[in-house]
Each structure stands twice: as structure tokens, then as C-alpha cells.
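Fit chain B to the supplied structure of chain A, relying on the hints for placement.
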Amino acid sequence: MAIITVQNLRKQYGAKVAVKDVSFSVEEGEIYGIVGRNGAGKTTTVECVAGLRKPDGGAIHVAADLKQQVGVQLQESIMPDKLRVGEALDLYASFYANPASVTELLDEVGLDPKVGFAKLSGGQRQRLSIALALVGNPKIAILDELTTGLDPQARRETWELISRIRERGVTVLLVSHFMEEVERLCDRVAVIADGTVLAVDTPAGLISRTGGVQRITFRTTAPVESLKSLPEVHSVTVEAGHVTVTGDQNVLRAIVTALPDSAISNLKTETSSMDDAFLALTGE
Amino acid sequence: MTIPTTEGALPDMAITAPQVRRLTSVETKLYLREPAVIFFAVGLPIALTLILGGTIPDFMDPDPALGGLRPIDTHLPGVMIILSVLTCAFSLLPTVLVTYRERGILKRMSTTPVSPATVLGVQLVLNVAMAVLTTVLILVLANLVYDVPFPKAPLTFAGVLLLGMVSSFAIGLLLAGLAPTSRIVQGLGMAVFFPSLFFAGMWVPHALMPGVLRTISEFTPSGAFGAALVEVLSTGSTEWLHIVVMAAWGVVAAIVAVRFFRWS
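Line by line, the protein sequences give chains A and B. When the first sequence is numbered by my numbering, its final residue is 284 and no position is left out of the sequence of numbers. When the second sequence is numbered by my numbering, its final residue is 548 and no position is left out of the sequence of numbers.
With the rest of the complex left out, here is chain A (with noise of 0.2 Å):
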């Protein structure tokens, strides 16, 4: 059953329109990213999502209590520089009518809460926001690029909260313009450009639109003109003695099939990967 729809989401400022067209609807229990560059209609999409924004057009149905029932990150929201940690989370949970446990959610995001805000890292602060966003037993969470700006290693800890809020039964909507969070973590991906969304699948079926293309990479002696007649094969590039092959699921065996073992040094295959199937749908 769907908890949140969207349909046909329309929103302008002034006369700069954010969100064209936007429809997605998302499950219960899933995590669903909606993905895009830098002024696609991604944050304008979720805050009408949350009730910050009022839509110029189109529906948005969510079967939860909005202030209740959705909890929020903000792309930018920072607390006061010497409100700490406890009190942040405490101050919020009076907020609800059924909070969560604080101090678990202390523990499972790993903060001190004797901590004032202003001495918290860049990724001590999302995991404050991403606990803010929980402490009130939410059916949603909406979290909008938490990861940006964070070391890899912050980053990699965040999405490990992220995975075990799923299992807390938390529907996330997740907003992202990072490809390899988004392939690691959602269920499903909306693909936004332009205010419009171009594609809605798994991660999975994104990567395999691209038409699961492979590449490899290696040194040969022998002359390789004879593979671009090979139907499994896509292109050939020779440059400085490296050859790039692009093909089909097949092509790696069509390759050693047609060139003696002991010619080919340093071979390397390539999956195309979630930014592949990125560029390729928003045409870059």
C-alpha cells in the first residue's frame, strides 16, 4: 500500500518553475530515493512532501499525521551552538505525543549528549539530525542530502544508521545527488531533471536500462581491428597501447575467444555502474 503519493506535483517561485511535472508514489517500509543534480526539484519536491511548501498544482497524499507521524531533515537546520546534545533531542521528543526513547536513540546514533552543538563534526551533527528526525516514532522519515559535505568514513557510518532505521519499520524518502548512496540504500529511485521525473525503478533495473554495459580494459600485442566485427561488442579503442572494449554481457568471452591467451596483459571488466545509469538517463 502506498504512503506517500505524489501526483503531477507543480511549484513555482516567482516565475522560476521548480517542479514541473512530478508523480511517484512510495511503500510502506521501502526506502525511496529521489535523485537529481543540484537544482533538479529535489528538496522543492520533498518540502511540499512535508507540508513546508504549498504545491501550485497537482496532489500529494501521505497516510500519516504530517507533524506527527513524518519526521524531518533538513538540508540546513543548525541548532543553537550551545544547546547540547541530550537537550536537543529531549526538547524535540516534548514535541510529540508519543516520543521515542531518547536515550536508545542516543545510542544508536553514537553521541555524547553532555556535547554542545558547535563542537559537534559534520557527520556528529547529521546523526543529531537524523535522531531529531526520529525521536518522534515516526511512520516517514524525509531526509534531504545527509550525507553532503561528510568525510567517507562519516558517510559510510550514516548509511549504516540509515539501513537499521528500515529495520525499525521507518518508511525514509531520501534525497540524494550522490549515486553510490543512493545504489547502496533505496529500494527504489525516482530520477529527477528539470522539475520532471525520467525514470522510477530499483537501482538494479536503472543500471540494467543502460543496457548493462560492460567494459574491459587491457595491453595486447595482437592486432585487435577484428573485434569490432564480433556482435558482442560495442566499440573498440586503441590509445597508447590500451585497448578499451565495450559490449554486452558476453563480450569478455567473445574477447579471449578471439585473441590468443598470451597476448592480453592487465585486463580489468567494468560493470557500468548507478552514476553510468545516471549520466545516461539525464543525457550527459
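A couple of the hints might just be wrong.
One-sided and incomplete, this derived list gives chain B residues near chain A with beta-carbon spacing under 10 Å [unchecked claim]: (1) Gln303; (2) Leu307; (3) Val310; (4) Glu318; (5) Glu386; (6) Thr395; (7) Ala541; (8) Val542; (9) Arg546; (10) Ser548.
Label pairs and their calculated CB-CB ranges [unchecked claim]: (11) Val542(B) <-> Asp81(A): 24 to 34 Å; (12) Ala59(A) <-> Arg543(B): 57 to 67 Å; (13) Thr269(A) <-> Thr465(B): 51 to 61 Å; (14) Asn266(A) <-> Thr465(B): 18 to 28 Å; (15) Arg546(B) <-> Asp56(A): 12 to 22 Å.
Subject to a maximum C-alpha distance of 30 Å in a straight line, what follows is the list of computed DSS-like cross-link-like pairs (lysine-lysine) [to be verified]: (16) Lys114(A) <-> Lys391(B); (17) Lys16(A) <-> Lys54(A); (18) Lys391(B) <-> Lys54(A); (19) Lys82(A) <-> Lys391(B); (20) Lys20(A) <-> Lys54(A); (21) Lys119(A) <-> Lys391(B); (22) Lys119(A) <-> Lys82(A); (23) Lys391(B) <-> Lys16(A); (24) Lys20(A) <-> Lys391(B); (25) Lys313(B) <-> Lys82(A); (26) Lys119(A) <-> Lys313(B).
In short, the hints are calculated from the structure, not lab data. Backbone N, C-alpha and C define an ideal beta-carbon position, used for all residues, glycine too.
Just chain B now, kept in the frame of chain A:
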């Protein structure tokens, strides 16, 4: 439950006791963690009352024009109370509100069940309480140290204080509504603060102001506040003009503040 946000529905915005209690406790702690705030709102007006009272000889001389009272009984506590009220109203309250808006704190809170009115109300009450506390401390300490009599008409005094605060805090909220950044609201606050202190009689008592200046003063909110406070401390009564001026400024500023106030 399905909520069509296209209708801008805001369900369940009730003010609850835990929200008020926790907000009050947290905001009070944050307030007390800024020593500069306590110094300017509480310490400075009290210290000035005690120091100026003890060092400026004229302040201790009975004045026949005041019915034998000394300036330290009337004028000095009057302007020091206003100093504290204006510090809270023009500087502390608007700075906190604009900083909260600038940092996205008000927007973040607007996604929770807490009502924005509760957040604003707690800030307002906290700053009013700080000014009332300072007023009480000034009166008690001046009484203990310099035998300054307590207000002879406590209810009228309280009424004047209340109206003065309403007009001052309404202007403070207006500043918070108009200023886009915390830097600007601080500058704007100071630009209003010093002329207001002047009109209140901080540097030139109303009694010594030239006629025109005195009339202008009486039509400014702080000027009316100052004149009314000194009057109620001197005679126990008050003039309708001052009451009307303070009330009018309070109502107009509050209406405009509500019109311009933004949460994000």
C-alpha cells in the same frame, strides 16, 4: 489518515504542557549560558543604579519639584528599568528570533507538532521575566542601599511597566520581522535602542529637556514610558497621554509585526 496538503491543513497544533515546560527549561538554560546577556540585561542596569546613585551628588539631593524626593528615588530607577526593558526588547529577543530563523531552527520546528506560537511565546515570556526580575532587583537593592522608597502606587506602577513592555516588545518583534539577517537586526536594534534611551531621559531628564524636545519625547514609546515611570514613582499617579501613547505604539507595532513576521 489522508491529508491533502494542497489545502494547507495543519492538524494537531495544540499547545501541550511538556512542550511548554521543555522549551522554557531549554531556552532559559541557553539564556543563562550567555554571560554577556545577563550582564547587559540584568547586571548593567543594577550596577549603574548603585554606582551613579552613590557617585553623582545631585542624585541624592531632595528636589522640591519632586515633592522633596531625590532623583535617585524617581528618575534614576525609572531610566534603569527602561534600560533593562529595552535591552531585552530591542536586542536580545529579536536577535534570538532572527538567528533561529536564519539557522532554519524555526523552519525545522514547523515540521513538528509544536506550534510556532509556543516557541515565540516562550521567548517573549523569558525576556519579559528577565526585565521584571531586573526591575524588582533595582527596586529592592536601591531600597536597601539608598533608602529609595518602594512605589507608593504599586498597581499603577505595574500597569505602566506592563504597557511600557508591551510597546517595547511589540517594536522588538517588528524589528525581528523586518530584518533579514541577525547582523542586520542587531544593527537595527542598536539604531532604535540609543535614541529610545535618549527620549526616555537617560542622558537628559524630561524635566530638563527644552519644551519642543520634551513634547516630541512624550509621543515616542520610550519617552512616554520614561515620563510615566518617573511620574508614577514621584507622585503615584500617571497621565492619560502617556498611557495612550504607549498603548497606541504597542497595538500598531504588534499589528505590523504580525503582518511581517516570517518563520523561514
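Each hint, compared with the structure:
no.	hint	result
1	Gln303	holds, 5 Å
2	Leu307	holds, 7 Å
3	Val310	holds, 5 Å
4	Glu318	holds, 7 Å
5	Glu386	holds, 9 Å
6	Thr395	holds, 4 Å
7	Ala541	violated, 23 Å
8	Val542	violated, 20 Å
9	Arg546	violated, 13 Å
10	Ser548	holds, 8 Å
11	Val542(B) <-> Asp81(A): 24 to 34 Å	holds, 29 Å
12	Ala59(A) <-> Arg543(B): 57 to 67 Å	violated, 31 Å
13	Thr269(A) <-> Thr465(B): 51 to 61 Å	holds, 54 Å
14	Asn266(A) <-> Thr465(B): 18 to 28 Å	violated, 57 Å
15	Arg546(B) <-> Asp56(A): 12 to 22 Å	holds, 19 Å
16	Lys114(A) <-> Lys391(B)	holds, 25 Å
17	Lys16(A) <-> Lys54(A)	holds, 15 Å
18	Lys391(B) <-> Lys54(A)	holds, 14 Å
19	Lys82(A) <-> Lys391(B)	holds, 19 Å
20	Lys20(A) <-> Lys54(A)	holds, 14 Å
21	Lys119(A) <-> Lys391(B)	holds, 23 Å
22	Lys119(A) <-> Lys82(A)	holds, 9 Å
23	Lys391(B) <-> Lys16(A)	holds, 22 Å
24	Lys20(A) <-> Lys391(B)	holds, 24 Å
25	Lys313(B) <-> Lys82(A)	holds, 9 Å
26	Lys119(A) <-> Lys313(B)	holds, 17 Å
Comparing the model with each earlier hint shows violations of hints 7, 8, 9, 12 and 14; every other hint is respected.
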